[in-house]
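Here the sequence shown stands for residues 3 to 199, where the numbers follow my numbering.
If you are wondering where the hints come from, they were derived from the structure by calculation, not from laboratory data. Take the hints with a grain of salt, since some may be wrong.
[As the list claims (entries may be wrong)] Calculated lysine to aspartate or glutamate pairs in the EDC-like style (CA-CA distance at most 20 Å, straight line):
id : residue 1 : residue 2
1  : 146       : 182
2  : 143       : 182
3  : 185       : 166
4  : 196       : 182
5  : 189       : 152
6  : 185       : 152
7  : 189       : 166
8  : 196       : 175
9  : 196       : 166
10 : 189       : 175
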Amino acid sequence: MSQKIKSTVQPASTRRYLTMDALMSPFFDVSPVFSAKQPAPFFTMYWLAANTVYLLRRSCIRNMSTTKLLQIRLTRENGVTMPLYLTNLLIWQLFVNFLFPMLEPTSRLFGYVSFYYFYPNASGMGIIFEPVAVQGLNMSKRAKHQIRLDWHRFSVNIGPPGRDGFRHPPSVERNLPHLDVPKLGWKHWPWRRKHHV
3 MSQKIKSTVQ PASTRRYLTM DALMSPFFDV SPVFSAKQPA PFFTMYWLAA NTVYLLRRSC
63 IRNMSTTKLL QIRLTRENGV TMPLYLTNLL IWQLFVNFLF PMLEPTSRLF GYVSFYYFYP
123 NASGMGIIFE PVAVQGLNMS KRAKHQIRLD WHRFSVNIGP PGRDGFRHPP SVERNLPHLD
183 VPKLGWKHWP WRRKHHV
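Starting from the given sequences, assemble the full structure and let the hints guide the process.
Laid out in structure tokens, this is it:
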């Protein structure tokens, strides 16, 4: 007899839970929002917005049109191989879409602005920080105040250290990440640095 009662009660309980799920699904069912068909339009809008904000920011700081800035960024210069050109575009987009949205507000807290730079002659790229206060100066004067996180080809001495603490020739070419801070006298640090002699 107890088995019959259980068998009749269980379907009723099941129906009750199914009914509650059906009632609550319009409020808690997120599958329509995150369906497989939705990410493409969302990421396209985000990609367009991120690039627009970056170009507008550069345009405001450099007093240059966004069209000119985009043309400079997309131009493949003489001597630049296709793999290097595509690598540059890929890293630039990674910077614009993922790093710049967090890096630029953080830089502003310390009075700096951030830029992505491509060095076609040195086969590399980098991120440059400049003080907001020097944006009205010409390039050579701004460069004295920059902090540069670069990765490109450069020449470095590998001979014994001289009296000034820096290595003498011979030199070799390297393509390695390095830090440049002109105000501190750092150039291609830590690969070119003063040694204790």
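So, going through the hints one by one against the coordinates:
Between residue 146 and residue 182, the direct Cα distance comes to roughly 10 Å. Compliance with the 20 Å bound is thereby established for this hinted pair. For the hint linking residue 143 to residue 182, the alpha-carbon distance of about 15 Å falls within 20 Å, and the restraint holds. Taking the CA atoms of residue 185 and residue 166, the gap is near 18 Å; set against the 20 Å cutoff, the hint holds. For the suggested pair residue 196 and residue 182, the alpha carbons sit about 14 Å apart, so the restraint of at most 20 Å is met.
With a C-alpha separation of about 10 Å, the suggested pair residue 189 and residue 152 falls inside the 20 Å cut-off, and the hint holds. The straight-line distance between the Cα atoms of residue 185 and residue 152 is roughly 16 Å, inside the 20 Å bound, and the hint therefore holds. The hinted pair formed by residue 189 and residue 166 meets the criterion: a straight-line CA distance of about 15 Å does not exceed 20 Å. Between the alpha carbons of residue 196 and residue 175 the distance comes to roughly 19 Å, so the proposed pair stays at or under 20 Å and holds.
Of the pairs offered as hints, the one joining residue 196 and residue 166 holds, with about 8 Å between alpha carbons and a cut-off of 20 Å not exceeded. Under the criterion of a C-alpha separation no larger than 20 Å, the hint pairing residue 189 with residue 175 is consistent with the structure, at around 15 Å.
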